[in-house]
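Residue numbers (our numbering), protein chains in the order written: chain A, 1 to 499; chain B, 1 to 167; chain C, 1 to 328.
One or more of the hints may lead you astray.
To be verified - Some but not every residue of chain C turned toward chain B, in silico, with C-beta under 10 Å:
(1) D40
(2) L66
(3) P69
(4) V71
(5) G158
(6) Q159
(7) V184
(8) K187
(9) H188
Rather than coming from a laboratory, the hints here were simulated on the basis of the structure. The model shown is predicted, which means the values in this text are computed figures rather than measured ones. Heads up, the beta-carbon is just placed ideally off N, CA and C, and yes, glycines get one too.
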Amino acid sequence: MLDLFIEGLSIAFTLENFIFMFFGCVLGIVFAAIPALTFSTALILLIPLTFGLTPIAAISVLLGVFAGGMTGGSISSILLGIPGTPSAAATVIDGYLLAKKGQAGKALGMAIYSSVFGGIFSLLVLILVAPQIAKVAIKFGPVELFALVVFGFSTIISLSETSIVKGILAGLFGLLLCTIGLDPVMGLQRYTFGFANLMTGVGLMPVMIGMFALPEIIDNFLQASKNRHKPPVKQKQQVKANFPSLKEMKEAFILNLQASAIGTFVGAIPGTGGPIACFMALDVAKRKNPKVGTGHIDGVIAPESANNGVTGGALIPLLTLGIPGDSATAIMLGALMIHGLVPGPLLFRDNGALVYAIFISILIINFMVLAIQFIGMKLFVKVLDIPKVNLMSMILVMAVVGSFAINLNYADIVVMFFAGLLGYFMKKFGFPIVPLILGLVLGYSIEDNFRKSLVFSDGSLGIFVTSPVSLVFLILAVLMLLAPTIRSWLNKNKAKKAI
Amino acid sequence: MKHNRIIAVILLIFIGWWAYLTTQLPETTMPGEPGPKFFPAVILGLMAVFSVLLFFTKDKKDTAMVKTDETDDTDDAEDAEKEVEKKEEVFPIFSALKLFAVFFVGIVLVYFLGFNIGMIFGLTVMLWMIGWRLFPRAILFSAAVTLAVYFLFDWLLKIPLPKGSLF
Amino acid sequence: MKMKHFLAVILSALLILVSIVGCKTGGTDQTPKFPTKPIDMTILFGAGGGADVVGRKLADLASKELGQPIVANNRVGGGGSVGYQYVLNNDPDGYNIVWNSTSISVTYHQGNMPANQGYDAFRGVANITQEATSLAVRKDAPWNTIEEFLAHAKANPGQVTVANSGVGSFNQLIAAAIEQAAGVKFKHIPMDAKQSTTSLLGGQVDAIVNMAFDVIQQVQADTMKALVVVAPERLEQLKDVPTMKEKGYDLDLMMYRGIAVHKDTPDDVVKILENAFTKAANDPSFKEFAEQYGAIVDVRGAKEFDALMADNDKKVADIMEKIGIKKQ
Chain A
1 MLDLFIEGLS IAFTLENFIF MFFGCVLGIV FAAIPALTFS TALILLIPLT
51 FGLTPIAAIS VLLGVFAGGM TGGSISSILL GIPGTPSAAA TVIDGYLLAK
101 KGQAGKALGM AIYSSVFGGI FSLLVLILVA PQIAKVAIKF GPVELFALVV
151 FGFSTIISLS ETSIVKGILA GLFGLLLCTI GLDPVMGLQR YTFGFANLMT
201 GVGLMPVMIG MFALPEIIDN FLQASKNRHK PPVKQKQQVK ANFPSLKEMK
251 EAFILNLQAS AIGTFVGAIP GTGGPIACFM ALDVAKRKNP KVGTGHIDGV
301 IAPESANNGV TGGALIPLLT LGIPGDSATA IMLGALMIHG LVPGPLLFRD
351 NGALVYAIFI SILIINFMVL AIQFIGMKLF VKVLDIPKVN LMSMILVMAV
401 VGSFAINLNY ADIVVMFFAG LLGYFMKKFG FPIVPLILGL VLGYSIEDNF
451 RKSLVFSDGS LGIFVTSPVS LVFLILAVLM LLAPTIRSWL NKNKAKKAI
Chain B
1 MKHNRIIAVI LLIFIGWWAY LTTQLPETTM PGEPGPKFFP AVILGLMAVF
51 SVLLFFTKDK KDTAMVKTDE TDDTDDAEDA EKEVEKKEEV FPIFSALKLF
101 AVFFVGIVLV YFLGFNIGMI FGLTVMLWMI GWRLFPRAIL FSAAVTLAVY
151 FLFDWLLKIP LPKGSLF
Chain C
1 MKMKHFLAVI LSALLILVSI VGCKTGGTDQ TPKFPTKPID MTILFGAGGG
51 ADVVGRKLAD LASKELGQPI VANNRVGGGG SVGYQYVLNN DPDGYNIVWN
101 STSISVTYHQ GNMPANQGYD AFRGVANITQ EATSLAVRKD APWNTIEEFL
151 AHAKANPGQV TVANSGVGSF NQLIAAAIEQ AAGVKFKHIP MDAKQSTTSL
201 LGGQVDAIVN MAFDVIQQVQ ADTMKALVVV APERLEQLKD VPTMKEKGYD
251 LDLMMYRGIA VHKDTPDDVV KILENAFTKA ANDPSFKEFA EQYGAIVDVR
301 GAKEFDALMA DNDKKVADIM EKIGIKKQ
């Protein structure tokens with residue numbers, strides 16, 4: 001093992017490798033930081049380029065994009081209130097509120113620290129117990145996945161800001177949007193009205209871009225329109241990169257650990273993905289600290305730790321079983337295979353040194369991301385110095401390109417527009433947007449796994465109770481959903497007793 | 001309160017329409033499986049229940065509420081007592097809708113005349129509407145942003161942006 | 001301040017000028033020879049999958065023959081319908097090609113393509129590869145041969161769970177075809193390409209039908225055993241595994257992949273493309289590359305590819321009819 005480690009070290013520690021890792025990190029951060037572009041786009045663009053690279057260089061550059069992308073998404077979430085990646089949608093609530101309070105620097109610093117914490121935590125898990133985790137992960141069949149995803153959906157209770165009824169309605173509407181397109185089990189068209197473009201379904205990215213970016217753009221435009229007769233006030237945002245102090249790190253440690261563990265484990269289960277992990281982590285934070293949701297730093301720590309926990313977690317099924325956990329790892333699987341490396345149990349046996357080289361590279365990448373982010377942050381916050389109208393115009397153009405570029409589908413631009421319009425009204429009438437996004441993220445899995453489970457059981461619902469994993473998650477979900485009702489009932493009782 | 005009622009009614013109408021569409025869906029051919037209608041039906045049912053609830057609920061703090069008849073110069077009228085320090089100003093929905101409409105025209109033009117023309121048009125008009133009364137300035141800025149993005153994507157990254165179906 | 005404005009004006013003017021010039025050079029191609037601008041290759045699946053990567057490699061090699069870049073673009077969704085219709089909606093000038101596969105027939109018969117847009121809305125340029133499927137069970141399963149497995153299935157009709165890659169996937173068709181050929185009744189579990197492997201490893205199903213490549217990986221890793229292969233001949237990587245044909249069943253349908261264009265594309269353009277793609281596919285480096293992904297390189301010209309598409313369409317339609325998912 002030690003000789004493999006040393007060999008891996010010598011593969012990883014080459015100048016070429018370092019250059020590619022650096023390039024990947026920067027690319028990932030930039031793509032994720034720009035609203036409407038995601039690191040998945042960056043990964044796709046890179047695939048043809050990796051044809052000509054050595055395996056470790058190819059993997060390094062892709063891992064760099066993956067890890068950089070997961071951290072970069074928080075930048076525009078916090079600074080602009082527009083999440084850069086689906087995973088950053090959970091960060092937007094507290095992150096943006098913190099920025100409005102003038103604590104953008106603190107939030108960014110903590111986000112970066114938490115990301116790297118999650119990344120390194122999941123790497124350790126990957127190195128130490130990957131095969132064991134993989135064994136648990138493959139036990140998650142449709143039944144267990146259904147329960148897990150329902151549990152994930154029950155976190156909308158925590159995400160509903162002012163009114164739980166409105167939050168739930170938004171979440172349900174998100175689920176309903178998922179039913180447009182091809183039905184997950186039978187492949188039949190639903191609500192497509194015969195349009196081929198609707199068969200793809202309502203994409204998460206166009207909706208996210210529209211719902212978060214357009215209302216922000218329009219409001220800023222109107223603001224500028226109103227202020228046009230006043231002399232322009234130059235308000236310099238003073239955002240300094242605040243590396244969290246030791247005390248802050250200590251306070252955040254337990255939450256970091258919990259969120260990273262959630263991220264790693266959820267990431268390891270094929271068919272889940274980053275956003276679910278982030279929302280679950282946010283929910284944990286919320287239950288520990290009710291101030292989360294009103295601009296508390298814990299609301300940044302938890303999702304950011306979780307989404308980088310996913311990076312290591314998603315590599316577990318990829319490297320041990322050859323099964324990608326999400327779209328990003330699917331692309332990496334392709335890249336590995338271009339070079340004749342077939343992930344799976346064989347990879348450890350035949351290319352042990354390379355596996356160690358990958359592990360070492362991930363570690364280096366995490367520190368690289370940390371360094372690049374802290375230097376880059378000073379640049380990113382300069383974005384806020386651009387006059388708002390100019391900045392928002394650029395984001396508007398990017399929103400159109402970004403929603404189109406995902407599938408090269410014009411219909412996605414239209415979807416983005418209507419999502420934006422709806423988002424504007426929702427914002428005006430106090431409907432939270434994040435639950436809708438959560439519904440959209442989970443809807444497909446909920447229906448897909450539910451129906452597949454029933455195929456297993458010949459239509460009997462008992463299958464969800466007989467599987468212990470499923471039972472536990474479902475009970476948790478019900479408790480979460482009923483928690484507000486129970487709490488208010490208890491409070492009433494207390495009040496009565498007091499009288 | 002009033003708004004919630006209106007929204008609830010709109011939602012119920014929407015749910016009814018969607019439910020009608022759902023009844024048109026085909027049945028499943030797989031044994032045991034509840035079919036393509038089932039999941040939408042469950043969601044619609046739940047949505048209906050919560051819409052009715054919405055009809056009778058009063059929001060704890062109707063912070064972001066907007067009265068449509070408000071004019072431009074009523075500044076931050078309400079939510080002074082809000083605990084979160086976001087003094088978001090409230091704008092008349094009508095002027096927002098006008099901007100959305102122009103943006104939509106721009107998107108439609110993207111389809112017919114291509115990305116560059118559509119976006120330059122849409123952005124220029126929007127900028128003009130919000131007070132960039134100098135046309136050259138609005139056009140030049142829109143063109144610069146649009147073309148910069150175009151070159152970045154279409155040329156450097158080789159993502160084929162819409163060229164326009166009329167060409 | 002004035003200076004700044006002036007600069008902005010100049011800069012924007014330049015940008016506009018360049019864009020106009022750019023459009024001009026792109027727009028006026030009066031030169032007679034066929035590819036004078038980049039070719040757009042539609043890939044129907046997400047980036048990074050085996051078929052995507054092989055397609056990109058092929059595009060890379062063929063573009064060297066054509067002297068113009070072939071840009072691979074993923075247009076995913078609707079079981080391929082979105083990408084197919086994109087190609088059909090463009091001019092039939094050969095600048096839009098599609099990395100076609102058996103999925104055209106499945107998507108069409110499932111009712112997810114407009115009525116007149118079946119396999120024959122396209123014309124073949126060249127067939128490139130074929131992919132076999134395989135039925136596999138867990139390493140510790142009690143069955144060691146396909147006969148034992150089928151006998152068990154016969155004794156327990158509707159009890160043996162077989163995962164495939166979802167309704168309308170090629171693997172589902174093959175699973176149904178095996179079932180019909182052997183006269184047994186499986187319980188088909190529609191998974192997806194990823195989940196079907198995990199569901200077998202995780203013990204949720206008894207067997208899977210999957211692309212041979214995915215099975216080969218797991219067989220080599222000693223987690224599964226392949227019981228049968230659906231192909232005309234045995235596979236090199238699974239030498240000990242018999243084919244359905246050997247066992248006396250008339251089933252050797254493989255999944256083809258090839259390049260196709262709009263059916264109204266002129267002959268001379270198709271000819272040029274055909275030459276380029278057959279040359280690229282016959283390149284030894286391509287063969288080696290494609291084999292890593294479990295694809296058997298089987299280069300056929302435009303005419304033979306048309307025949308292959310028609311033949312497969314009939315077989316696919318037949319299976320779909322029998323399992324009741326054929327709509328048109």
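Now for the hints, and whether the structure bears them out:
Interface hint status for D40 of chain C: upheld, as the beta-carbon distance to the closest one in chain B is roughly 7 Å, under 10 Å. Taking 10 Å as the C-beta cut-off, the interface hint given for L66 of chain C is violated, the closest approach to chain B being about 16 Å. Residue-level restraint check for P69 of chain C holds (minimum Cβ-Cβ distance to chain B is 8 Å; threshold 10 Å). Because the closest C-beta pair between V71 of chain C and chain B is about 6 Å apart, less than 10 Å, the hint holds.
Interface restraint check for G158 of chain C: the shortest CB-CB distance to chain B comes to about 9 Å, inside 10 Å, so the restraint holds. Nearest Cβ of chain B to the Cβ of Q159 of chain C: about 13 Å, over the 10 Å cut. The hint is violated. For V184 of chain C, the suggested interface contact is broken, since its CB lies about 16 Å from the closest CB of chain B, more than 10 Å. A cut of 10 Å between beta carbons decides the hint on K187 of chain C: the least distance to chain B is about 8 Å, and the hint holds.
Against a cut-off of 10 Å between C-beta atoms, the interface hint on H188 of chain C holds, since the closest Cβ of chain B lies about 8 Å away.
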